[in-house]
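Colleague: Sequence:
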Amino acid sequence: MDESLARLVVILGPTAAGKSELAIRLAETLGGEVVACDSTQVYRHFDIGTGKVLPAQRRGIPHHLIDLVEPHEVFTAGEYAARATQAIADITRLGKLPILTAGTGLYLRALLEGLSDAPTRSEELRERLRSKALAKGPLHLHALLTRIDPQAAKRIAPRDTQKVIRAVEIRMLGGKPVSEIHRSGRKGLEGYALAKIGLLPPREALYARINARVQGMIASGWLDEVRHLIDEGVPREAKPFQFIGYAELRENLERRLSLNAAIESIQQATRRYAKRQLTWFRREPGVNWLPGFGDDPTIVTEALRLAHRD
RNA sequence: GGACGGGUGGGUGAGUGGCUAAAACCAGCAGACUGUAAAUCUGCCGCUCCUUGCGGGCUACGGAGGUUCGAAUCCUCCCCCGUCCA
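In terms of this note's numbering, the first sequence opens at residue 1 and continues consecutively.
Distance windows between CB atoms, simulated:
id	residue 1	residue 2	range
1	Pro285	Val74	26 to 32 angstroms
2	Thr120	Arg236	21 to 27 angstroms
3	Glu113	Gln151	16 to 22 angstroms
4	Asp231	Glu127	25 to 31 angstroms
5	Arg186	Glu251	38 to 44 angstroms
6	Arg186	Gln215	40 to 46 angstroms
7	Leu68	Glu237	17 to 23 angstroms
8	Arg147	Leu259	48 to 54 angstroms
Hints listed in this document are in silico derivations from the structure and should not be mistaken for laboratory results.
Fair warning: this is a prediction, and the values are worked out from it, not measured in the lab.
Ideal placement from N, C-alpha and C gives every residue a C-beta, glycine not left out.
All chains should be modelled from the sequences, with the hints used to inform the complete structure.
Modeller: Shown next, in the form of structure tokens:
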């Protein structure tokens, strides 16, 4: 492999597979720093439920791209890509090895492959479209998209209002059909030799670990965290309150849901999330899949070998 | 011992003679996804066969019989569960 390229290790896999732990181990032995690729960990104050590695557990390894914005702010894949590119360059310049822990497929793709030059989201336009969808039904918006951008409409399910709105937005703000914009420039990350390591524990074991992890989060004060967020006035519409668990626990605090029911529902949502992550990552090219958890010694050994090989 | 109510596919549960392999929901599986992505959305979901078709066969609504051209649905007996009375 090209000696002039800087190395970049990417650890990807479903939630609870042990990405963070593996990243720290690799960082310790290879002289690296961790860069999170996780859409939820960029939010400050939402710590336990998002599975952040807290400073005390980082064993001196710097962690980047965590706690970037306040709960009421909107964060986007494009912004992530820009900041991650910067962080990776900075780490490399210091002579350290950047190690990405990727749970959010879209963010990883935005970073590695880049995004097309499409307009960023416009809250005003979205508000208009959303109320229209509410008044006339989700299919109405799709019909509108079919009129202004038939190609894009064909690729989006009529009821997928979120994606329909995005397509309409691109078409209206960008002045060109979505397909045309997507065909144009897409600048990905360049200049790095990638080592992609995928964690793929057996499904049953993964689910068991997810269940246990949710219990563990509760035991370590997740409810207090949520109570505190509410007391601090974080509005219920704030984006991070959509993350798995936060809505359920708020309901529990409002006495509308028993703790057991909340826990079960969180475990279930997390299992489904893990499945969606696996579906996404399966298509990721060039991944070296390891059949176990990131804290398993044999997996660590394998991962070290893969991280070295370039 | 008596009186009711009930036993349906992995779960909850609708169906009360043919349009029913059996609604709906959940779980599960598979998939899509270029700025909300821990989001949003789609498909499959008894077994099996093939020429993959609104295709064929088999099995299925507690058990065993019966009525009927036809039964998850009606009748008989039995088993189990719940509530109430003794």
